[in-house]
Structures are given as structure tokens and as C-alpha cells.
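One letter stands for each residue in the lines below.
2 protein chains.
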Amino acid sequence: MNRSIENASDRSITPVTPVTPVAPSASGSDFLQLNPQEAPAGGLSDWLARRLRDAIADGSLPVGSRLPATRVLAGELRVSRGVVTEAYQRLTEDGHVAGRGRGGTVVVAPVAVSVASAVAPAPVVPAAGSGDPAGAVFAVTPPGADVFDALRAAPARIDLSPGVPDLAAFPRTAWLRAERAVLKGLSASGLGYGDPRGALELRRAVANWLARNRGIRVDAGEVLITSGTAQGLGLLAQVLRDDGIRAMAVEDPGSLGARHHLRDRQLETPPVAVDAEGVRVDELRATGARAVLLTPAHQFPTGVVLGGVRRRELMRWAGEGGLIVEDDYDAEHRYDRPPVPALRSVLAERVCYAGSVSKLLAPALRVGWMLAPPKYRDALVKAKRFADLGNAVLPQLVLARLMESGEMERHLRLLRRRHRQRRDAMTAAIGEHLPGAVVHGAAAGLHLVITFESAEFADTGLAGAALGRGVKVQPLSWHRQRPGHPGLVLGYAATPPGGIAEGVATLSEVLSEVVPGVRPRGR
Amino acid sequence: MNRSIENASDRSITPVTPVTPVAPSASGSDFLQLNPQEAPAGGLSDWLARRLRDAIADGSLPVGSRLPATRVLAGELRVSRGVVTEAYQRLTEDGHVAGRGRGGTVVVAPVAVSVASAVAPAPVVPAAGSGDPAGAVFAVTPPGADVFDALRAAPARIDLSPGVPDLAAFPRTAWLRAERAVLKGLSASGLGYGDPRGALELRRAVANWLARNRGIRVDAGEVLITSGTAQGLGLLAQVLRDDGIRAMAVEDPGSLGARHHLRDRQLETPPVAVDAEGVRVDELRATGARAVLLTPAHQFPTGVVLGGVRRRELMRWAGEGGLIVEDDYDAEHRYDRPPVPALRSVLAERVCYAGSVSKLLAPALRVGWMLAPPKYRDALVKAKRFADLGNAVLPQLVLARLMESGEMERHLRLLRRRHRQRRDAMTAAIGEHLPGAVVHGAAAGLHLVITFESAEFADTGLAGAALGRGVKVQPLSWHRQRPGHPGLVLGYAATPPGGIAEGVATLSEVLSEVVPGVRPRGR
Chain A
1 MNRSIENASD
11 RSITPVTPVT
21 PVAPSASGSD
31 FLQLNPQEAP
41 AGGLSDWLAR
51 RLRDAIADGS
61 LPVGSRLPAT
71 RVLAGELRVS
81 RGVVTEAYQR
91 LTEDGHVAGR
101 GRGGTVVVAP
111 VAVSVASAVA
121 PAPVVPAAGS
131 GDPAGAVFAV
141 TPPGADVFDA
151 LRAAPARIDL
161 SPGVPDLAAF
171 PRTAWLRAER
181 AVLKGLSASG
191 LGYGDPRGAL
201 ELRRAVANWL
211 ARNRGIRVDA
221 GEVLITSGTA
231 QGLGLLAQVL
241 RDDGIRAMAV
251 EDPGSLGARH
261 HLRDRQLETP
271 PVAVDAEGVR
281 VDELRATGAR
291 AVLLTPAHQF
301 PTGVVLGGVR
311 RRELMRWAGE
321 GGLIVEDDYD
331 AEHRYDRPPV
341 PALRSVLAER
351 VCYAGSVSKL
361 LAPALRVGWM
371 LAPPKYRDAL
381 VKAKRFADLG
391 NAVLPQLVLA
401 RLMESGEMER
411 HLRLLRRRHR
421 QRRDAMTAAI
431 GEHLPGAVVH
441 GAAAGLHLVI
451 TFESAEFADT
461 GLAGAALGRG
471 VKVQPLSWHR
481 QRPGHPGLVL
491 GYAATPPGGI
501 AEGVATLSEV
511 LSEVVPGVRP
521 RGR
Chain B
1001 MNRSIENASD
1011 RSITPVTPVT
1021 PVAPSASGSD
1031 FLQLNPQEAP
1041 AGGLSDWLAR
1051 RLRDAIADGS
1061 LPVGSRLPAT
1071 RVLAGELRVS
1081 RGVVTEAYQR
1091 LTEDGHVAGR
1101 GRGGTVVVAP
1111 VAVSVASAVA
1121 PAPVVPAAGS
1131 GDPAGAVFAV
1141 TPPGADVFDA
1151 LRAAPARIDL
1161 SPGVPDLAAF
1171 PRTAWLRAER
1181 AVLKGLSASG
1191 LGYGDPRGAL
1201 ELRRAVANWL
1211 ARNRGIRVDA
1221 GEVLITSGTA
1231 QGLGLLAQVL
1241 RDDGIRAMAV
1251 EDPGSLGARH
1261 HLRDRQLETP
1271 PVAVDAEGVR
1281 VDELRATGAR
1291 AVLLTPAHQF
1301 PTGVVLGGVR
1311 RRELMRWAGE
1321 GGLIVEDDYD
1331 AEHRYDRPPV
1341 PALRSVLAER
1351 VCYAGSVSKL
1361 LAPALRVGWM
1371 LAPPKYRDAL
1381 VKAKRFADLG
1391 NAVLPQLVLA
1401 RLMESGEMER
1411 HLRLLRRRHR
1421 QRRDAMTAAI
1431 GEHLPGAVVH
1441 GAAAGLHLVI
1451 TFESAEFADT
1461 GLAGAALGRG
1471 VKVQPLSWHR
1481 QRPGHPGLVL
1491 GYAATPPGGI
1501 AEGVATLSEV
1511 LSEVVPGVRP
1521 RGR
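These protein sequence lines map, in sequence, to chains A and B. Take 1 as the starting number for the first sequence in our numbering and just add one per residue. Take 1001 as the starting number for the second sequence in our numbering and just add one per residue.
Among the hints, a few may not be true.
Computed spacing ranges between beta-carbons, pair by pair [stated by the list, open to error]: (1) A/G244 <-> B/P1142: 44 to 50 Å; (2) B/R1177 <-> A/Q266: 44 to 50 Å; (3) A/A188 <-> B/D1378: 26 to 32 Å; (4) B/A1505 <-> A/R177: 43 to 49 Å; (5) B/R1469 <-> A/A188: 19 to 25 Å; (6) A/N208 <-> B/E1320: 17 to 23 Å; (7) A/A188 <-> B/R1177: 16 to 22 Å; (8) A/G43 <-> B/Q1266: 33 to 39 Å; (9) A/D282 <-> B/R1177: 55 to 61 Å.
Worth flagging that the hints you see were computed from the coordinates, not collected in a lab. Here the structure is a predicted model, which means the values were calculated and not measured. Positions of the beta carbon are idealized from the N, C-alpha and C atoms, including for glycine.
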């Protein structure tokens, strides 16, 4: 949140609908009849963002319309310019508006209205029973360790599971070319047992990658190559247990998989609420946990970016002895502006940073990296050694070549283009078929979240019924520890636009079947 | 030990010296003036093997000479033919004699005499101090978890570390060809998160490999792909701990690395002595441990093959509730005869079997497999999932192709040929330069052991001094939990014959420096 929307506006995002002539900018106090007196104390940005979102949802700000300049609107409302900038920023993170350089800030994607208006009273739908083979995946509450395996194994026409990039774009030719070069140049002894920290070539390449892409300055000697963040997290949990740490606080909602991994290593995972600014540091303090797992650049699953105030609060908490585990799982995939710098780049001593190629290339490669704070570095290397004696060497050397040759950045640019198109296809389809859903976190990443904010039903039931119709999605409740609005986590990166549209249309049909009161508006 | 030496005699081994005209067979009671009355009760085979070994060592049975036929010698000594067969078998396992079909059983490698005759009293050499950069690796007792890393990182002209096959022979072209085919045929979804048990293609290929090469019938569903035996062992240890098992007995001498891994998982590792028949099952019982880690096909490091009687005793122990962990690390590399069947092939319910490609292709690939008894199968899969979500997919599919196409067997045949030549080069060099050393386990595998049976000195000091002269070896004491003869574990598979000869010559010089009383005979 440390960049104004104006600064970001040179990075355009593709609008959902064909670019229509930009509507004349509504001006000042007349604009949406905004009255700052309605705002709760200290909540001006929140209030403004909500009012703008409502206006986009009810059509008073249609796709293609331009928002007033921040300076102008701030003057009219007699609020500080930062209030407006912040509100615009939130809508940008959500993927509803985008900077257009001199064209100003433009509405690019519709916001679906809450289903609350359509359902009264909200019907309660139970989770799909185990009698239903498709829904069986979703029948177990809380979901067990094998739930992702079960979901993966379930047959489906359209897979909207989150967490996977466009795998059809995997650079097979470049990979094979790099592998040929590696096999040609590798010494025989390079095929023996290796350094448990990883091949020096890849550690160097990762250090350079992080400098270029994430603002992190690190020496290759500080990089630990892992078999992906899942492994890194497990190893770290082990090391922290040995240091007497018994709990790692996690975001709520937050990754179910990460929670599983921490619990497997006997760490408690007290939940900390996430709001529009990211994790609630006051709640974090209240847990008493000495470590926290965060996704600051793009919160999973909500897509929120950790706000500037929260970052500072968090730094303070860490400065008092807290350890931040920064899961930077998809920070490179932003469509609106450069990603915020990693926390690791400003607080090396108290941040354990984790990244991987799972969202950059393919999860099947099982390669990631970890930068541990000095205190835990040796213990982590030891844990990695005992885990598997270090990653396989050939794929590490291939990756190092792809990273150092610029091939990886080329691929990332390609992915961003394709992912953005798919993101747009999904928000458009949601606008059309699921207007009762609120979209979150569409400005970045490989997935978005939709919530049904006033309806009460089991989203596991919805996901189970969808799977029964051949569409794979994750229920938002999987990623919650405490009750909240039902919703779905929808991956768009790995599915072509046609499949996305069809999948969302199917979700709409399924929704009206399992939650009979809910129907798309206008039908 | 279930094959008579006659049955094995169709597999010739290359003699150490150029084949000399076979000396006329010494006959019956005159042969070496053998008197069975000297043998202790029940120890006839032991006694005979010892007498034969002595005769080879002192030159009364020179390389190239033929032993009497088992039937003839048994008749002369008035012992059962099995006694003679067993004694010959032991010498075969040690690599001193070999079956020659109709040519009979021939001495092919010298046995070095004990240094006892040369040193009186035996000087005690301390382990190299940490002031010596080369020897520092060997200064820590007992050696820590990072000792193999430290040894690997130490510069050396000649690397005689055990555990690595001929890496220069790695089939780079075949690998790249297979990788191209894999990349061409792989679906996009195959690049996503995979089955934590491993790719079905590789699990099938491993099942077929084990059927062809190790007499094991297993379904692909029972195969768990690991990142090598180190990982498999760690995961199993975790699972056993959860089952209330607190100790896994290990062979003594036995692999230091394996012991490190088990202890890291909080398993005790009570030592069980290994003699010429393999692990002492009576000692195993006495430990009270409910699990034991064994290398039955080719004991590490001594090279002993688990004898038939011991196998039966072990089966009985397992039948009473014991769990055998069978580390089949290099069983495919025998030079004298087909490897003994795996214990897993006869006792699936109580044996957890582990294998890998580390000795077949390259440790850098970090791929292995585990067949768990049904009781622990699900828990192991869960442990693997939490460890790293499963192995990387591409290398698995490449390996599957190499295994199913016959490429891997071709490579193994090539390796056997090259390794045997190197084994011969090493035994010849030892015979020439280190006649004071007793050679063990030269009939199979990638390494052999030499001991200095009556001298007392710290073999870590010898290894440290050797490293100071650019020759990398492992001291036998690393692999011991209880005191025993000093010795060295010498890998020959990864070093060309010239390097082996030079390395052993250097060892001889170093030996006479650090243990001044010890000099090669005849100099």
C-alpha cells in the first residue's frame, strides 16, 4: 500500500468488456452523492471504498467509467488525498478499477451484488453427504490431510482449483535446451551427493532473481533450496519446535494446506483475522504466538495486500521478538502494478522468506527456496540434510539456467498476459452468471475469491454439487478456522477462457439448485 | 548363502593378476595339512575358511591356484560337503576365490596378512587434530551430522569415498532422449501437484524392476517413491515413533549415515554385531528392539552376505513381531553370482524394503523407493505428503522410461563390467602396497573394507593424513559403535584404475608415516 494509484497507473490492465468510450468523469460532491459524514470515525477510506464498490455493483459506475482524480475528489469531500488514494487502491487490488495513465482511474470489472438482496431468509444447505461420490471430498469437516489428493483425484471437466499457473504454457523447449546444456557441461562428480543447501548455481540464480523481482538483497550462501514451500515450512516448523516455539499464528482465512503442514509438526495455528488492510496485528499480539505465517504481498485466499500501517505495526511486533514467516507464493503475478517489496527486504533478521517455482513454472518441479534469519540458518540446513540430503541436482541446474538467461522473466511476462485474460474472463463470467457474489482479490495472482455475504449455507455443499457437475472448486470454508461468509476460491490461471465461462455458468446453476432462494438477478 | 559355490561358478570374475596356468590341485588330507580336529565345536566352516584365508595370505595358495573340489576335500577331511561349500562361499564373498566352471574354484585375489606381524607393540596414533585443515574432518568423535558434507567439500586428488557408482558412465544421452519424449507426451495437468506416492509410471516401472532383479512381486500401488533411502528411512522412523517404537537396532559396523538419520528422528540405534554370516540374531534379540535396519544382500560396510541359517533365525524373530528394514542399497552389483533374493520377497508382512537409483545411476538424482508392510503403508504416504507433497514429476517419468525400455539394465551391465575392473585394480593395489591389510567384501558392491587386525591405531588419523595427501577415504571406525580393528572403507567404483592404484600407494606411504612400525612386507 506504499504506492499511490497514480504511480501505479502506468501499468494498465485489460478491461473486462471491450473498451467503451470513457464516460465523462462525475465531479466532486455530486459524484455518487457521497457524504463523508456517514463514515465511521477513522474509517474514511473503508467507507469510500465500500460506497464505490456499491456503485460499481449497482451499475451507477459501469465498466468503462472513469473515477474522479484523487486530488479533485479529496477536495470535494474535504478529506485528505490519502483517503481517496487508499480507497482507489483497494478497488484496484480487487480488480474492479485500474489506472490508465493520463486516462485516469477506470472501472474495468463489475462487482457482483451480495446475494443478501435475493434471499430472505437465507436457506441453510448441509455439506454434501458421503453418499455422493463427487461430494464426498467435501463431506469431512474439518478437511483432513489427504483432502487435496482426493480433490485432485476426482474427475472433472473443468478444474478451477486455485494454486496452479497456466501449465500449458510451460516452456518445454527452453527446459529441454537448458537440460541438454547442463548434461553437456556437468562434471561426473556433479552427479554424486551434493550440497544439502542446494546447487550453488541455483542459489546464485535465486539470489539474483530475488534482487531483480522482490527487492531482496541476499548472498547465495543464505539461500536454502527446498522441495517447495510445503517442505520448507515443515522443516522450519521442526526447527522452531526445537527452539521452544509451540505455535505459529496464521491468517484467517488462510491456506488450509499450510495449516495442515504446521499441525503435522505439532505447531498450534491460532487464527488471526484478515481485513481489507491484511492481517490484524492487534489480534496477532493477543494470540501470544511468537511466530506468524503471512502472505503479505497477496494474501491467500483473499488477495488483500498488507497495508502500510499494518506493515509498520508488524515490524514493531517482530522487533519485539516475533518471527514472521513470509510465504511469497505468487507475488510476481500482479496485473496492476509492481508487487510490494517483500517484508524480508526490510527486516532480514526477523523474517523467514519462502518462495518457489510452483506458481512461476509448475508445481510438479517441486523446487522452492527459503531465506532463514541467521538464528535458524544452520538448523534449517541440518533439517534439510536429514530430510533428503538436498534437492536433486539436474533440475536445479536447469532452473538456474532459465533464471539467469532471462528465460524465466520472459515466461513470467507471457504468464501474466495469459493469466490476466483469464482473470478478466472469470470476472466477466461472474458478473454475468453470479451477480450475487462479491469478488475479492482479482488484481493479482492465479485465483480470486467470491463470497455470498448475507446468505448462510455450507459452501462445501456448493463445491460438492459443483464437482458432481464436473466443475472443481475449493470452498472458502476450507481455508477458514472461524465461521465466516460462505464462498469459493476459484483458480483461473490454468483454464482457458471458454472453460472458465462454462465453469462459472455451471456454478450459477448449481448455486440456484443447492441454495434455492438464490437466483441470478435479472433472470 | 543358498547357492553352492558350484552353482555360482558359471559366473566368472576377472582375476586380479593375468591368468596364470592353474596350479595342480592339492589333494585331500595333504592339502595344507588340514586337521579338522583343530576346529572348535560347531565351527568347522569358520575354521576351514580361516585356514584357507591364511594360506592365501602367506602365499601357500598363490593367486591362480585351484582349490580342491568340494566333494573331494569333504571326503578327505571327513566332514560334510556343506562345510566345505560354505567355507569356499565365504572366500568368494570376500573376493579371494572365484568359481571357474569346469576350471574349479580358483584363487583370484591375495589376502593381505595382518599388520600384527609387523608391529610390536602397536603404536597408537591419535585422530588428526583440528589444526590440520585436511584432517579436521576426522577430528570430531563421534562424527557429527555434517561430516559427509565436510568430507565431500574437502579438496582431494583421488576420491575413494564409498557409495558412489561410476558417474562418468551416467547415460546422459539416454537420459536426454527420455526427457525429450516425456516432455513431448506429458499433459499440462501432469505438471501440477501430483500423487504424493509418486508418478504411477515410475511406481509401475519400479515394481517391474524389482520383479526382474530382486525377486519381489509387488503391485505399483504398494510402491512409495522417495527422495532416496535417506528420506525413506527418516519418514519410516517418524511413523515408527508414532507407533511407539523407540529403537531401531543397527548392524555394527553399519552405516554411519543411516545411524545419523535414525537418531535425528529420536530413535535409539542399539548395535548388533556382524560376523561372517551377517547380523547376529541372538544379539538382536538381546537388544529388545522391535525393529532392525539390515543390509542383507551386501552388508555395509563389511560386504558379508546374510547366511541361510541367519536368514531363518531372522524370519523367526520377525514372525514374533519384529520389523526388518531392508536397505537393499547395492544388491544389483554382484560380480560373482546373482544377488540373493531380498528378504522382502519372502516376508512381505514384516519387511520394509528400501532401494534407490543412487548406486544404479547417480545419487544426485535423489530418487528411491520403499515398500512398506501393510500396517505402515498409509502412515508412510502421509509422512511423504507432509515432507514435500511427493517427488518432482519429470525425473520420475524419465526414470520410468529408462527402466521400462531396458536402458537401465544395459547401464547396470556396463557398470558391473567397469566396477569389476576397478575392484580388481584395487585388490591388486592393496596386495602390492598394503599387504598388511585384510580385505573384506570384494565380491560385490562399489566399495571394500580393509582392516589392520592386530594394530591399534586411530583409523581417523590415517584417513586424515591421507586426505592431507589428497586421497579421500572413510575410516572404518566412523561406521562402528563399539571398538574394533582399525580400517578403511574404500570406494573403487567412481575412480579409474590408475587413480585407484595411485590412491592405494599413497595410503601405504601414509600408513607407514602415521603408524611407523607398519611397513609393507618385502620392502
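- Item | Hint check, failures only | Per hint list: 1, 3, 6 and 8 violated.
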